[in-house]
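Dock chain B against the given chain A, drawing on the hints supplied.
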Amino acid sequence: GESVGLHLPTLSVQEGDNSIINCAYSNSASDYFIWYKQESGKGPQFIIDIRSNMDKRQGQRVTVLLNKTVKHLSLQIAATQPGDSAVYFCAESLGNTGKLIFGQGTTLQVKP
Amino acid sequence: GAGVSQSPSNKVTEKGKDVELRCDPISGHTALYWYRQSLGQGLEFLIYFQGNSAPDKSGLPSDRFSAERTGGSVSTLTIQRTQQEDSAVYLCASSSQGVREKLFFGSGTQLSVL
Chain A
1 GESVGLHLPT LSVQEGDNSI INCAYSNSAS DYFIWYKQES GKGPQFIIDI
51 RSNMDKRQGQ RVTVLLNKTV KHLSLQIAAT QPGDSAVYFC AESLGNTGKL
101 IFGQGTTLQV KP
Chain B
1 GAGVSQSPSN KVTEKGKDVE LRCDPISGHT ALYWYRQSLG QGLEFLIYFQ
51 GNSAPDKSGL PSDRFSAERT GGSVSTLTIQ RTQQEDSAVY LCASSSQGVR
101 EKLFFGSGTQ LSVL
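Protein sequences, first through last, are from chains A and B.
Counting with the numbering used here, you get residues 1 to 112 for the letters of the first sequence.
Counting with the numbering used here, you get residues 1 to 114 for the letters of the second sequence.
With the rest of the complex left out, here is chain A:
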């Protein structure tokens, strides 16, 4: 069935290091992918998105990589800061369905 999963439930990094959060998706027809950040007690917040006609997109301190061959998505955070500590979700969408399918989430812990 439809599913988007994450390889690691928890990632712990040292402040200042780079973080890489991975995601596997199952629907090869998905053409739009998003990363969300969710802090405790809050709703998810948009970080960055990428369409399937791209394999890389950069934002401020974040980069999303898309490998359609192996159906893999990753979020790279440069110079991780304590404020980056949160749960990160990837989500996929197919065409014009308007429905996002979310993965289980990876908890990022940043050690000072």
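Honestly, the hints are just simulated from the structure, not real lab data.
Certain hints may be false.
Stated by the list, open to error - List of simulated lysine-lysine pairs, BS3-like, C-alpha gap at most 25 angstroms:
no., chain 1, residue 1, chain 2, residue 2
1, A, Lys-99, A, Lys-56
2, B, Lys-57, B, Lys-11
3, A, Lys-42, A, Lys-111
4, A, Lys-68, B, Lys-102
5, B, Lys-102, A, Lys-71
6, B, Lys-102, A, Lys-56
7, A, Lys-99, B, Lys-102
8, B, Lys-15, B, Lys-57
9, B, Lys-11, A, Lys-68
10, A, Lys-42, B, Lys-102
11, B, Lys-15, A, Lys-99
Quick look at chain B alone, frame taken from chain A:
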């Protein structure tokens, strides 16, 4: 308002009671979504409204769940005869047409069914 507003922020109810959860989307956003998030889990799609089109109800887990959107703005998610397994955070999100898949989420309603 500036963002998506949900009320109440917390709701405790007894098994078998009905509950109504409210969502005020960002003004002008045509798309509205409801998701459910169980403790430590990802987001489970429930229902999606887009403009005047028929809603996509494919994620509603049972006929005890229903939602409506009045006047293309405020939405209410109703759970009838609540069960303990309905306990979760119910998140509402909205998006503007043209960038409809960039969702702006509210802070959610924490529902606890005793």
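Outcome of the hint check:
Taken as a hint, the A/Lys-99 and A/Lys-56 pair is honoured in the structure, with Cα atoms around 23 angstroms apart against an allowance of 25 angstroms. For a cut-off of 25 angstroms, the pair hint linking B/Lys-57 to B/Lys-11 stands: about 23 angstroms separates their Cα positions. With a C-alpha separation of about 21 angstroms, the suggested pair A/Lys-42 and A/Lys-111 falls inside the 25 angstroms cut-off, and the hint holds. Annotation: proposed proximity of A/Lys-68 to B/Lys-102 holds, straight-line Cα distance about 21 angstroms (limit 25 angstroms).
Among the hinted pairs, B/Lys-102 with A/Lys-71 is consistent with the structure: their alpha-carbon atoms are about 21 angstroms apart, no more than 25 angstroms. Using a Cα cut-off of 25 angstroms, the hinted pair B/Lys-102 and A/Lys-56 holds, with the two alpha carbons roughly 18 angstroms apart. Of the pairs offered as hints, the one joining A/Lys-99 and B/Lys-102 holds, with about 11 angstroms between alpha carbons and a cut-off of 25 angstroms not exceeded. The suggested pairing of B/Lys-15 with B/Lys-57 holds, with an alpha-carbon distance near 24 angstroms, which does not exceed 25 angstroms.
Annotation: proposed proximity of B/Lys-11 to A/Lys-68 is violated, straight-line Cα distance about 42 angstroms (limit 25 angstroms). Among the hinted pairs, A/Lys-42 with B/Lys-102 is consistent with the structure: their alpha-carbon atoms are about 17 angstroms apart, no more than 25 angstroms. Straight-line distance between C-alpha atoms of B/Lys-15 and A/Lys-99 comes to about 30 angstroms, which puts the hinted pair past the 25 angstroms bound.
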